[in-house]
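J.: As they're listed, the protein sequences go chains R and L.
Here our numbering = 1-based position in the first sequence + 6.
Here our numbering = 1-based position in the second sequence + 6.
Simulated from the structure, these hints should not be mistaken for lab results.
Small disclaimer: the values here were computed from a predicted structure and weren't measured.
Possibly wrong hints are sitting among the right ones.
One copy or two, it doesn't matter: identical chains are merged, so the pair holds either way.
[Claimed, not checked] Think about it this way: if two alpha-carbon atoms lie no more than 25 Å apart in a straight line, the pair counts; the simulated DSS-like pairs of lysine-lysine are:
{"id": "1", "residue 1": "K91", "residue 2": "K9"}
{"id": "2", "residue 1": "K29", "residue 2": "K64"}
{"id": "3", "residue 1": "K178", "residue 2": "K137"}
{"id": "4", "residue 1": "K178", "residue 2": "K64"}
2 protein chains.
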Amino acid sequence: MSKGNLIVISGPSGAGKSTVVNKAMSFRDDICFSTSVTTRAPRPGEKDGVDYFFIDQKRFEEMVAGNELLEHAVYVSNSYGTPRKFVEDRLSEGMNVILDIEIQGASQVHKNKPEAVMVFIVPPSIDELRKRLTGRGTETEAAIEARIQRAIQECREADFYDYIIINDDLDKAAEEMSSIINAELCRFDKRRDILNSFGK
Amino acid sequence: MSKGNLIVISGPSGAGKSTVVNKAMSFRDDICFSTSVTTRAPRPGEKDGVDYFFIDQKRFEEMVAGNELLEHAVYVSNSYGTPRKFVEDRLSEGMNVILDIEIQGASQVHKNKPEAVMVFIVPPSIDELRKRLTGRGTETEAAIEARIQRAIQECREADFYDYIIINDDLDKAAEEMSSIINAELCRFDKRRDILNSFGK
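All chains should be modelled from the sequences, with the hints used to inform the complete structure.
T.: Structure follows, in structure tokens:
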């Protein structure tokens, strides 16, 4: 069983990141999402080890100190992180593990695990992004404008990503995601053992 | 129209390189083979500009001197080469151009055009390679053994390739080739313009 790859996906809110991955999951079974650790309390219905690994602040700090997290961040006074061992175990089972995180966390993963595959997912245009965010009908015009300004800023900082997927047509975007996963499994470094075996 | 990629394929005789590409061509129309220049005389039925561009030695030397060839080599006292302009024109039309050449030529292309995608295609094992070469029934045992030794040597020198395709199952190998072509079109550098357009 050859090891899978860690695939980091990021992109502006409204790009359709999880929709693209879910679509790719519908036609291949070697993809899974990573499960994060968090210090926040479980919400009704959330299960430990499924939605999150729920841990206390002391354990979280231990994990940070012990380099057990590939990235971590604080949102609304709760801590979140990606457990290295969980990811490594899934990779060893041959799964390609998807990490859906913001640019700052992605940058930490990129440093901690340079072989991670970095994918940036974008809408086809700013106009289309505005249309999608407006279509949700859940936010004020000012909030939408703030999201758009943030999206523009994120695109400026995205230069350490390996791939860009333009989510114009969902089927095409999911196929591109799937092709990236296939291609990365064909990488020279992933398969050099077969060449070595020829010389024996 | 976004530009295609130059895809260099190499691998041991008997790996099934052209079979894999032809299979991929059967389900996508954005792939073509490069056409080489040669100083040898056309054989009956061969057409100029289709099988080869047939040129004289003087023109060939001009092309070498003018850096008009991405790689060139001599076989059986005839010269062969890959014309840069032909390749660039096809790439500009959005085609992915396949160059099926040996490691030495591939190494020249890798230097002359660093963005070329380097794919090494191998049989699943040396035993399988021996079986395929024997199955052709066209060569002596000694000739087959020489090919196998050469294959082993080529695998040792292949460390500048980006991808390895193991041609065990033809459909799977062709799908891998197709995925590599798709993924390379999603490369950050190929699509950075869309990010730049967001800031305007």
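J.: A separate judgement is required for each hint: does it hold in the structure or not?
T.: For each hint, the structure was consulted:
Taking the closest pair of Cα atoms, K91 and K9 come within 25 Å of each other only inside a single copy of the chain (14 Å); across copies the shortest separation is 41 Å, beyond that limit. Neither within a single protomer nor between protomers do K29 and K64 lie at most 25 Å apart by alpha-carbon distance, with minima of 38 Å and 57 Å respectively. Taking the shortest alpha-carbon separations for K178 and K137, only the intra-copy value of 20 Å comes in at or below 25 Å, while the best inter-copy value is 40 Å. Within a single copy, K178 and K64 get their C-alpha atoms no closer than 44 Å, and across copies no closer than 48 Å, so neither meets the 25 Å cut-off.
The structure fails to meet hints 2 and 4 from the earlier list, while all remaining hints are met.
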